[in-house]
Amino acid sequence: MIETRHISKGFNDRMVITDINVAFDRGKTNLIIGPSGSGKTVLMKCIVGLLDVDDGQILFDNRMFTGMSFLEKKVIRQEIGMMFQGGALFDSMTVEENVMFPLTMFTKKSLEEKRDRVNFCLKRVNLENVNNLFPAEISGGMKKRVAIARAISMNPSYLFCDEPNSGLDPKTSIVIDNLISEITQEYQMTTVINTHDMNSVIEIGDKIAFIYNGKLWWVGDKHEILDTDNEELNSFVYATELTRRLKK
Amino acid sequence: MLMKKVFTRHEKGSVFRKQILDEINNLGVDSLGIVAIISVFMGAVVAIQTAHNITSAWVPSYTVGFTTRESIILEFSNTIICLILAGKVGSRIASEIGTMRVTEQIDALEIMGINSANYLILPKIVAAILIFPVLVVISMFLGVLGGWFAAAWLNVVTVTNYYEGITLDFIPFEIFYSVFKTIIFAFIITSVSGYYGYYTDGGALEVGQSSTKAVVISSILIILFNLIITQVMLG
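Protein sequence lines, in the order shown, are assigned to chains F and G. Just so we're aligned: the first sequence equals residues -7 to 240 in the numbering used here. Just so we're aligned: the second sequence equals residues 4 to 238 in the numbering used here.
These are calculated hints, taken from the structure and not from any lab test. Some hints could be false.
Computed far set for chain F versus chain G, every beta-carbon distance over 12 angstroms [said to hold, decoys possible]:
hint: 1; residue: GLU(-5)
hint: 2; residue: GLY48
hint: 3; residue: MET75
hint: 4; residue: ASP83
hint: 5; residue: LYS207
hint: 6; residue: TRP209
Pairs of lysine-lysine residues, derived as DSSO-like cross-links and limited to a Cα-Cα distance of at most 30 angstroms, are as follows [as the list claims (entries may be wrong)]:
hint: 7; chain 1: F; residue 1: LYS240; chain 2: F; residue 2: LYS65
hint: 8; chain 1: F; residue 1: LYS65; chain 2: F; residue 2: LYS37
hint: 9; chain 1: G; residue 1: LYS15; chain 2: F; residue 2: LYS37
hint: 10; chain 1: F; residue 1: LYS207; chain 2: F; residue 2: LYS37
hint: 11; chain 1: F; residue 1: LYS240; chain 2: F; residue 2: LYS199
hint: 12; chain 1: G; residue 1: LYS15; chain 2: F; residue 2: LYS101
hint: 13; chain 1: G; residue 1: LYS21; chain 2: F; residue 2: LYS106
hint: 14; chain 1: F; residue 1: LYS100; chain 2: G; residue 2: LYS21
hint: 15; chain 1: F; residue 1: LYS66; chain 2: G; residue 2: LYS91
hint: 16; chain 1: F; residue 1: LYS101; chain 2: F; residue 2: LYS163
hint: 17; chain 1: G; residue 1: LYS15; chain 2: F; residue 2: LYS106
hint: 18; chain 1: F; residue 1: LYS65; chain 2: G; residue 2: LYS91
hint: 19; chain 1: F; residue 1: LYS37; chain 2: G; residue 2: LYS216
hint: 20; chain 1: F; residue 1: LYS65; chain 2: G; residue 2: LYS216
hint: 21; chain 1: F; residue 1: LYS100; chain 2: G; residue 2: LYS7
hint: 22; chain 1: F; residue 1: LYS66; chain 2: F; residue 2: LYS37
hint: 23; chain 1: F; residue 1: LYS101; chain 2: G; residue 2: LYS21
One side only, chain F facing chain G, incomplete, derived with CB under 10 angstroms [said to hold, decoys possible]:
hint: 24; residue: VAL40
hint: 25; residue: ILE72
hint: 26; residue: LYS163
Idealized CB from N, CA, C, for every residue including glycine.
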């Protein structure tokens, strides 16, 4: 479980997130949703330690992450897998080298063992025969899947996904959503997804935290979100004509 | 602050050694062509200009070879070649690291628990410090050879006179001085470019700006340190 306690973060005297208290459960796909500029990405970056919080605490399975030294954080970070919005694959490395990278850096596995693990991870995300291709040679959807494969190569306890569906067509988005959800349950990870894709919310939202104006506005699941009377959340959920029609 | 991060918390030794070899290839071996071409032609031009400026019959003909050697060893092969490398290698480093920053590749390294500054910048610094002196020594040889071509083919002076000049009063310390300057310049180019690349913020436009700043600041620092080192070692 990942817990945030009263965390706040601002830039140049402007608070971006304020007093966020939320817990993300193990074995569930936890979604952070909210309009653009609401502070979702900052919240996620604070949780993974890319940004230092101004106030509050972050706990990974009751281990206090805030205030840890670089080396102490390194232990927890090796339990974290992250999929970035654009994939963040290393351009100079092939798909195989990208997925193998954490194994090379942090394990003493032989090349054969690492290759086996890479092939297993690539197969798990339904990618085969792409080992020797470079990121520039594969599609956006494939990049996301390679990013997931890299994120799970070290058997992480925590998986973070920043806008996993951005730039993807609806069909591929569903494939990626289902993949993340399956992997989460299979490996009993604590998965946190940052999204504003309502399809993802309805498909895989085991727990949903709605951020509005930098504050935690609402917490629930994919069933509760459809019946909520929270005005700001409703205007977010039913922003499109399609969702309004579906509600009717 | 960045340099402290660069020089602390090394990642795996085997990975580091492989990175150094890769960078020696990227920064050094890939620059060999341009260094060779410029050195040969510059050596020839220095020889021709020196001969052109010697109007007095009292000045011995071997002066052309002597002046070419001294110009090449003391100034051209280290300072001018490093200024060229600041443009070629500096912009490459800044744009490579800058692009990694704006495409979140550096964030990906950080999240894995890797000291990204150390992982990305230190191998480049070490590789440049190792390979730039080699390039400069090659440049010295080719520069003097360029002067010889001018002597032999353009009849600037006789080959015998040119040879006499380049072997006259040779001071080995000048090679050390030149190599020492190159090591300092290699550090300046890689660290300044690494800094501007690492702290790039924004998108493609900012990557370009970082690259330009890296080249400009590296060049200014090279000129400045050239003066300081020369005054301290030869003044």
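How the hints compare with the structure:
1. GLU(-5): holds, 19 angstroms
2. GLY48: holds, 20 angstroms
3. MET75: Violated: least Cβ distance 9 angstroms, not greater than 12 angstroms.
4. ASP83: Violated: least Cβ distance 7 angstroms, not greater than 12 angstroms.
5. LYS207: Label holds. Min Cβ-Cβ 25 angstroms, cutoff 12 angstroms.
6. TRP209: Holds, since 27 angstroms exceeds 12 angstroms.
7. F:LYS240 x F:LYS65: violated, 49 angstroms
8. F:LYS65 x F:LYS37: With Cα atoms ~14 angstroms apart, F:LYS65 and F:LYS37 stay inside 30 angstroms; holds.
9. G:LYS15 x F:LYS37: Within the cut-off at roughly 26 angstroms; holds.
10. F:LYS207 x F:LYS37: holds, 16 angstroms
11. F:LYS240 x F:LYS199: Given that 30 angstroms is the threshold and the Cα spacing comes to 24 angstroms, the pair holds.
12. G:LYS15 x F:LYS101: holds, 13 angstroms
13. G:LYS21 x F:LYS106: holds, 18 angstroms
14. F:LYS100 x G:LYS21: holds, 16 angstroms
15. F:LYS66 x G:LYS91: violated, 35 angstroms
16. F:LYS101 x F:LYS163: violated, 37 angstroms
17. G:LYS15 x F:LYS106: holds, 16 angstroms
18. F:LYS65 x G:LYS91: Status violated; Cα separation ~37 angstroms.
19. F:LYS37 x G:LYS216: holds, 29 angstroms
20. F:LYS65 x G:LYS216: violated, 34 angstroms
21. F:LYS100 x G:LYS7: Since the Cα atoms of F:LYS100 and G:LYS7 sit roughly 28 angstroms apart, the hinted pair holds (cutoff 30 angstroms).
22. F:LYS66 x F:LYS37: Judged against 30 angstroms, a Cα distance of about 16 angstroms means the pair holds.
23. F:LYS101 x G:LYS21: Distance ~17 angstroms between F:LYS101 and G:LYS21 Cα, so the pair holds.
24. VAL40: holds, 6 angstroms
25. ILE72: holds, 6 angstroms
26. LYS163: violated, 25 angstroms
Comparing the model with each numbered hint stated earlier shows that hints 3, 4, 7, 15, 16, 18, 20 and 26 do not hold.
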